[in-house]
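Taken in sequence, the protein lines are chains D and C.
Heads up: the first sequence runs through residues 1 to 350, numbered per our numbering.
Heads up: the second sequence runs through residues 1001 to 1247, numbered per our numbering.
Everything labelled a hint here was simulated from the structure, so no lab data went into it.
No experiment lies behind these values; they were computed from the predicted model shown.
For every residue, glycine included, the Cβ atom is placed at its ideal position computed from N, Cα and C.
Worth double-checking, as some hints may not be accurate.
To be verified - List of simulated lysine-lysine pairs, DSS-like, C-alpha gap at most 27 Å:
#1 Lys103(D) / Lys126(D)
#2 Lys1160(C) / Lys264(D)
#3 Lys263(D) / Lys1160(C)
#4 Lys350(D) / Lys19(D)
#5 Lys103(D) / Lys19(D)
Said to hold, decoys possible - Facing chain C, from chain D, some residues (calculated, C-beta under 10 Å):
#6 Leu268
#7 Ala271
#8 Arg305
#9 Thr327
In case you want the letters, here they are:
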Amino acid sequence: MCGIIAVIDRAGCPMDGTKIRSALSMMDERGSGEGAGYAVYGAFPEFADYYAIHVFFDAVHESKAAVDRELGNWGTVVHEEEVPTYENRNIRKVHTPWRYFFKPDPSLMPRSETPEDDIVMHLVMKINTTIPGALVYASGKNVAIFKASGWPEDVADFYRIQDYSGYIWLAHNRYPTNTPGWWGGAHPFNLLGWSVVHNGEITSYGTNRRFIESYGYRCTMYTDTEVVAYLFDLLVRRHGLSPEMAVKALAPPFWDDIDRMDKKERTLYTAIRLAYGSAMMNGPFAIVVAQRDGIVGFTDRIKLRPLVCGTAGSRLYISSEEAAIRTMEPGLEEVFMPRAGEPVIGRLGK
Amino acid sequence: MTRVTIDAAGMHYTPLNRRIREAIGAGADEIVITGVMGQRFIADGVRGRGTIIIHGIPGGDLGMFMSGPTCIVYGNCDHAPGNTMDSGTIIIHGSAGDAVAHSMRGGRVFVRDNIGYRGGIHMKQYQDKCPVLVIGGEFRSFLGEYMAGGLILALGDPGKNSGRERGIGSGIHGGRIIIRGGPLDDRCLGVGATQRPLSGEGYRQIQPIIREFADVFSLDPDPLLRDRYTEIVPSSSRPFANKYTWE
């Protein structure tokens, strides 16, 4: 059991972190105080064109030089700083969060169609597997991730998320079940533009991990949700699937439903299931994925976790509980529960 | 008549439930709770009489193990209102989430609008205890999953409550699911479930429930009473006799 809430302002209007802190705290019962986190898109307008590489250091003086060297090999750091944090009696600062604003040199990845993204992805995997005491936990443009071991309100206060604004927010309150809670295992998980919050468990993690690692991704966070961020990066950015189709690959229709489709659809969904059999996710889940221009929420095919949506003007909310949405937005125009396996999509400008 | 009013805005469910129990213990006839926003476990394990009126959006497991009172909710409910409820009534002027009436063993849950997945999962009955779940709108897949007893009555528009759902009565081994309208496509039924037109006697049994539901929500009962119904029941007296043991 975990709690999730996400919001997009489809008109692109910024929202600060005050309300989402209240909404996530309302769902404290869904967590255990061992992990909470927030993602915000549009957080760094002054560095919007640079990759915001977030790193947890165990000890800055031991590991940072190696990270600096690695980044220097592949591009330029235009600005860097320790992520500001504020003393909180309920959070033990076991890592030092740091952020670099980074410009990769595309000429160093000459055969790639998306050289900058590929360089950053390579750097994330390289640092996380070879530099002890350093963990890259976010690497998108104009995206900030705030996470730690603690309760939602404490993590929010620790980073003072009310000081940040953006047009998409994701938030997650963790109840770790299969692996211990730690800072790197708190959600949201991020790679490049992708951020993921997830309630449930992915029992197909072993299969999914083998699949995704065969494409160069490396799982280093000791928890299942990590693969979802990498799967979206692979399916949408690298393979060119639409977000809708990516959801249909990860939570596909049942074979008996496919049998009843007309020929064109049947051919498509059969191909998707065959091509992405090892990407299919089993187990109970409710997930929201964000990227630069939108969010998508979906559940497993037999609906073993809750997901409810609400709209108010240009804003679309997706959450585990309606009350969390109403805590942020008392004047909802519409409330609905999406069907199992059906994506709910909020796009910027639509 | 004694009435107690509680403003629950910003209140945790533990002190809220303490206030409810105190009021019931003191013999209150009506407890009005305003400003409810996501508090779980409201009226759980409460025994006695009286009416609890809830304005807002209660959290999960409303009325769990409740025995006796009536809860009237003006708003939508989260998951599992009526979870393992013993007796009493829950009336929801709105919709509810997944697993409504989960393991319910007595009393009634009336939902005016829609419910989520797994409504009435593992409802049961024993001697004079026979729980009833009535849904005015749509339901989702796995209605009456593992059902062992009791009655689920789905009164929603037959055009909307057919076709897309799967696993209705999956694992059912007791009780009845009665759905307004003609027979469902057999593929909507779960393992161990079978359907047949509702008998005249069955129809006579649901008539008073329909009238009461319509009365509670100020609906016209006539279209509901005029329509035909389909009953979904276990396919035999022990559909899973050979599932775990071999005789």
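Hint check results:
Taking the CA atoms of Lys103(D) and Lys126(D), the gap is near 17 Å; set against the 27 Å cutoff, the hint holds. About 26 Å separates the Cα atoms of Lys1160(C) and Lys264(D), which keeps this hinted pair within 27 Å; it holds. Our distance criterion of 27 Å between C-alpha atoms is met by Lys263(D) and Lys1160(C), whose separation comes to about 25 Å. For the given pair, Lys350(D) sits about 23 Å from Lys19(D) by alpha-carbon distance, which is consistent with the 27 Å threshold.
A C-alpha spacing of about 33 Å is found between Lys103(D) and Lys19(D), which places the hinted pair above 27 Å, so the restraint is violated. With a cut of 10 Å, the hint placing Leu268(D) at the interface with chain C is violated, because the nearest CB-to-CB distance is about 20 Å. Annotation: interface hint on Ala271(D) violated; nearest CB of chain C at approximately 23 Å, more than 10 Å. Satisfaction of the interface hint for Arg305(D) is found here, the shortest Cβ-Cβ separation to chain C being roughly 9 Å, below the 10 Å cut-off.
For Thr327(D), the shortest C-beta to C-beta distance to chain C is roughly 6 Å, which falls under 10 Å, so the interface hint holds.
Checked against the numbered hints listed earlier, the structure breaks hints 5, 6, 7; every other hint is satisfied.
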